[in-house]
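Numbering (this note's numbering), first residue to last: 459 to 843.
Each hint should be verified, as a subset may be incorrect.
To be verified - Simulated restraints on C-beta separations:
#	residue 1	residue 2	range
1	688	490	38 to 46 Å
2	528	741	42 to 50 Å
3	829	553	45 to 53 Å
4	507	564	48 to 56 Å
5	627	827	57 to 65 Å
To be clear, the hints were calculated from the coordinates, so they are not data collected in a lab. Positions of the beta carbon are idealized from the N, C-alpha and C atoms, including for glycine.
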Amino acid sequence: MSMRYQAGILTASYFPLQVPNAPTIGTATGGGAQASVTFTAPSNVGGGAITGYIAVAKDSSSGAVFTNTGSSSPIIVTGLTNGNTYTVTVAATNAYGTGPASAASNSVNPVGATPSVEYLVVAGGGGGGKAGGGGGGGGAGGYRTATGLAVTAGSAITVTVGAGGAGSTSLYSAGGNNGSNSVFGSITSAGGGYGSSANSATSFSSPGGDGGSGGGGAQRSSATGGSASPSGQGNAGGQSTSSSGGDGGGGGGGAGVVGTAAPSSSSEGGAGGNGLQSSITGTATYYAGGGGGSGNSTGASGGLGGGGTGGGTDDTGTAGTANTGGGGGGNGRSSSNGKNGGSGVVIIRYSDVYAAATSTTGSPSVTVSGGYRIYQWTGSGSITF
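Please put together the full structure from these sequences, using the hints given.
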């Protein structure tokens with residue numbers, strides 16, 4: 459606009475309606491069916507003070523958008539679908555309207571509430587016995603598995619992986635050693651019971667030790683195997699041979715099956731009981747098998763799930779397999795010790811629509827497969843969601 463006056467033409471300055479510039483985007487963070495976004499106000503507010511902001515979350519696959527408003531950073535956009543991917547933009551508003559949108563935020567995946575987890579907790583297997591003829595096989599480590607264990611966000615959950623018990627080093631003793639317990643939070647699996655050795659030079663009547671599963675019996679006198687776990691974590695060990703039979707030790711109890719009694723009419727040991735299967739890793743695997751009893755001539759096989767083989771005169775007893783909770787095999791020669799039990803394992807998994815854990819210790823292996831996040835510890839540690 460202009461007007462003429464004596465000195466010439468006077469031109470008035472003209473200010474068009476001005477909206478704010480775009481905010482500077484910050485970081486988007488996923489929550490339960492929502493995303494929170496931070497941002498910085500623009501330095502140029504346009505023709506008037508900023509009265510608010512609008513945040514827009516866009517589904518990266520479908521293009522669907524969800525909005526919310528706020529007076530300052532951060533703004534939370536709700537109604538999102540857990541597991542989908544979104545980016546968020548923010549625009550500022552003043553009395554003249556809404557300005558341009560910011561750059562898009564980082565991609566974010568909203569997640570549901572802190573998940574409940576499926577777990578497998580297997581304790582260390584018991585050590586095998588030692589005897590001049592037949593030592594009992596070690597019992598399997600306790601076996602605990604279930605779904606739906608609630609976890610609390612922000613609290614570290616303790617993980618303890620039990621060691622296998624040492625095999626017996628003494629010919630005339632109660633036997634080897636129980637395996638150590640494994641723990642995940644409130645869940646404890648008891649260590650496997652030891653397989654016994656002859657407890658004197660003449661009586662040979664020591665029973666197997668109790669534990670997550672019972673240990674095997676010793677030599678002769680129909681000594682009983684260790685008892686089953688009262689909480690159902692394992693089964694009883696097998697008996698030793700009778701005083702009229704050969705010199706065989708009973709097999710250790712497995713998580714799924716009791717240990718086998720040594721045959722009364724031979725000098726063989728009794729087989730270890732089989733463990734139980736779990737597919738928590740995505741592959742069906744046996745855990746917590748009992749160790750095989752040794753014999754004066756032939757040792758017996760360990761149970762499925764890492765149970766060690768019993769030794770005979772050939773001294774071929776073997777330890778329980780590591781990270782399965784298998785019991786150690788007994789040994790049948792007085793010059794050879796009972797075999798060690800296998801160490802335990804702790805495995806958890808939950809749906810991969812939920813975010814990864816906030817932190818872990820103990821170096822668990824972490825995989826995402828078949829729709830699950832899977833954490834497996836072979837040493838002790840912790841996890842925080």
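CB-CB spacing for residue 564 and residue 507 relative to the 48 to 56 Å hint: 29 Å, violated
Verdict for residue 688, residue 490 (Cβ pair) under range 38 to 46 Å: Since the Cβ atoms of residue 688 and residue 490 sit about 40 Å apart, the hinted range of 38 to 46 Å holds.
Hint check for residue 827 and residue 627 - Cβ pair distance inside 57 to 65 Å: About 42 Å separates the Cβ atoms of residue 627 and residue 827, which means 57 to 65 Å is violated.
Consistency of beta-carbon spacing, residue 553 to residue 829, with hint 45 to 53 Å: For residue 553 against residue 829, whose Cβ atoms are near 51 Å apart, the range 45 to 53 Å holds.
Assessment of proposed distance window 42 to 50 Å (beta carbons of residue 528, residue 741): Holds, at about 48 Å.
Checked against the numbered hints above, the structure violates hints 4 and 5; every other hint is satisfied.
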